[in-house]
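A.B. asks: Sequence:
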Amino acid sequence: AYCETCASIGNVLWNYRMFLMDADARYLDVAERTLYNALLSGVSLSGDRFFYPNPLESNGQHKRAEWFGCACCPSNICRFLPSLPGLFFAYDSARLFVNFYASGSSEPIDGVRLVTQTHYPWDGQVSVEVVEARAMPRSLALRIPGWARGEAVPSDLYHFTDKNLSDIRIELNGLPVEYRMEKGFAIIERDWKAGDKINLKMSMPVHFIKAHPEVKEDSGKIALQRGPLVYCLEWPDQKLRRQNVENESTASIEADLSKMMVDTSSSLRIIPFKGLLPGTLAIEGDAVTNSIGLENGVDKVKFIAIPYFEWANRGPGRMRVWMPVAPR
Numbered sequence: 001a002y003c004e005t006c007a008s009i010g011n012v013l014w015n016y017r018m019f020l021m022d023a024d025a026r027y028l029d030v031a032e033r034t035l036y037n038a039l040l041s042g043v044s045l046s047g048d049r050f051f052y053p054n055p056l057e058s059n060g061q062h063k064r065a066e067w068f069g070c071a072c073c074p075s076n077i078c079r080f081l082p083s084l085p086g087l088f089f090a091y092d093s094a095r096l097f098v099n100f101y102a103s104g105s106s107e108p109i110d111g112v113r114l115v116t117q118t119h120y121p122w123d124g125q126v127s128v129e130v131v132e133a134r135a136m137p138r139s140l141a142l143r144i145p146g147w148a149r150g151e152a153v154p155s156d157l158y159h160f161t162d163k164n165l166s167d168i169r170i171e172l173n174g175l176p177v178e179y180r181m182e183k184g185f186a187i188i189e190r191d192w193k194a195g196d197k198i199n200l201k202m203s204m205p206v207h208f209i210k211a212h213p214e215v216k217e218d219s220g221k222i223a224l225q226r227g228p229l230v231y232c233l234e235w236p237d238q239k240l241r242r243q244n245v246e247n248e249s250t251a252s253i254e255a256d257l258s259k260m261m262v263d264t265s266s267s268l269r270i271i272p273f274k275g276l277l278p279g280t281l282a283i284e285g286d287a288v289t290n291s292i293g294l295e296n297g298v299d300k301v302k303f304i305a306i307p308y309f310e311w312a313n314r315g316p317g318r319m320r321v322w323m324p325v326a327p328r
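The numbers in our numbering rise by one with no breaks, and the one at position 98 of the sequence shown is 98.
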C-alpha cells in the first residue's frame, strides 16, 4: 500500500464535506479510520519526522525523514492537525452533531456550548455536558461509529470475521434515555438545559479483519482492529523464548515476522504497553512460527500488536499489518 500522508488528509477533508451535504455518518466513519491510522502514522511521536507514504508492510527499509525534496506532507500535516478541532461538531437548524470524540469544549455559538470528556480511542466511554443551552436545537446527534455497529468500512472491501457487536448504552443525567438511529447517529430529542449530561458507553472488542477476495495480496491473511485503531506487529515486540537444555538457561530471540502466522482460534488480550505513547493499549495473542530454522514443526509464540500509527518510532525493522492465518 502507498497511502500518502497528503492523500490521507484529503480523504478526511473530502469525507467531511460529504457529511456536511448528506448528514450521513458513513463519511465520518471513513474519515475517522483514515485519521487514526493512515494520517497519524505520517508524523513521528516526537512530531519532527514524517512519512511520505504509509506502507502496511516493511522489511526495515522505511523510516521517517525530517524533510523531503517535495515537502508537501510535512507542511500539510502541520497545517491540518491544528485545524482538526473544527471537525468535531456541526449543526443545522434542527440538529447539533457530535462527529468525533475527544476531551474538549466547543466554542460558544448562539448561546450553545458543549464539553466532552473521554479517553477515546482507548475506550468507548464519552460524556457530553451541555454547558450553555440558550439556543440549543431539540435534536442532539451522537455518532455511533461503524466499528461499534459491527462494520469495518461502509462497503464490502473489508469486513470483521466475527459477529461481536459493541454493547452500546446511552444515559441522560444518569438514567437510560430513548433515542433513534438515523444514518449512523443516535438522535436524542428534548428541551435541553444547562447541566444536562449524556453518557455514551461503547464496548471495544477486538476484531479480526478480512479483505474482499479480489484483494489477492491479502488472501489468507487477517488484520486486527480495536475501536477505530488498526494494529500492526512490529519487530521489537515479537520474542521467542528458547530453553537451553544443557545449561538450563532461557534466551529471548527476535521472531521473524515474515514466518509468523496468527492463531485466530485463540483468545486475544488487551494489555498496557510502555515505551511509546503514554496510555497505549496493545493486543496480545497466539501465533506459530518456524523462524529459528525448525525443519519439522513450528514454535508456538505470543505476539504483541501495537496501534499502527505508532510504528517506526523505535528504529527500522520489520512490520506487518496483514498477517497470515495459521492452519488449524
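One should not assume that every hint holds.
[Unchecked claim] Capping the alpha-carbon separation at 25 angstroms, the derived lysine-lysine pairs in PhoX-like fashion look like this: (1) Lys-221 - Lys-300; (2) Lys-63 - Lys-239; (3) Lys-163 - Lys-197; (4) Lys-183 - Lys-201.
[As the list claims (entries may be wrong)] Pair by pair, the computed Cβ-Cβ distance ranges are: (5) Phe-68 - Arg-314: 43 to 53 angstroms; (6) Ala-135 - Gly-69: 47 to 57 angstroms; (7) Gly-150 - Met-21: 21 to 31 angstroms; (8) Lys-193 - Lys-216: 48 to 58 angstroms; (9) Gln-61 - Ser-93: 47 to 57 angstroms; (10) Ser-93 - Arg-314: 44 to 54 angstroms; (11) Ser-93 - Val-131: 15 to 25 angstroms; (12) Gly-60 - Arg-269: 37 to 47 angstroms.
None of these hints come from the bench; they were simulated from the model.
Cβ atoms here follow ideal geometry from the backbone N, Cα and C, with glycine treated the same way.
A.B. asks: Give a verdict on every hint.
C.D. replies: Verification of the supplied hints:
1. As the CA atoms of Lys-221 and Lys-300 are separated by approximately 18 angstroms, the hinted pair is consistent with the 25 angstroms bound.
2. Restraint check: the Cα-Cα separation between Lys-63 and Lys-239 comes to about 22 angstroms, which is no more than 25 angstroms; the hinted pair holds.
3. Straight-line distance between C-alpha atoms of Lys-163 and Lys-197 comes to about 31 angstroms, which puts the hinted pair past the 25 angstroms bound.
4. Among the hinted pairs, Lys-183 with Lys-201 is consistent with the structure: their alpha-carbon atoms are about 19 angstroms apart, no more than 25 angstroms.
5. Remark: the range hint 43 to 53 angstroms for Phe-68 to Arg-314 is contradicted by a beta-carbon distance near 22 angstroms.
6. In this structure, Ala-135 and Gly-69 meet the distance hint of 47 to 57 angstroms, their C-beta atoms being roughly 51 angstroms apart.
7. Restraint check, Gly-150 to Met-21: a C-beta distance of roughly 26 angstroms satisfies the suggested window 21 to 31 angstroms.
8. Distance hint check: the CB atoms of Lys-193 and Lys-216 are about 57 angstroms apart, consistent with the given range 48 to 58 angstroms.
9. The supplied range of 47 to 57 angstroms is met by Gln-61 and Ser-93, whose beta-carbon atoms lie about 53 angstroms from each other.
10. Between Ser-93 and Arg-314 the beta carbons are some 50 angstroms apart, a value that agrees with the proposed interval 44 to 54 angstroms.
11. In this structure, Ser-93 and Val-131 meet the distance hint of 15 to 25 angstroms, their C-beta atoms being roughly 21 angstroms apart.
12. Distance hint check: the CB atoms of Gly-60 and Arg-269 are about 28 angstroms apart, inconsistent with the given range 37 to 47 angstroms.
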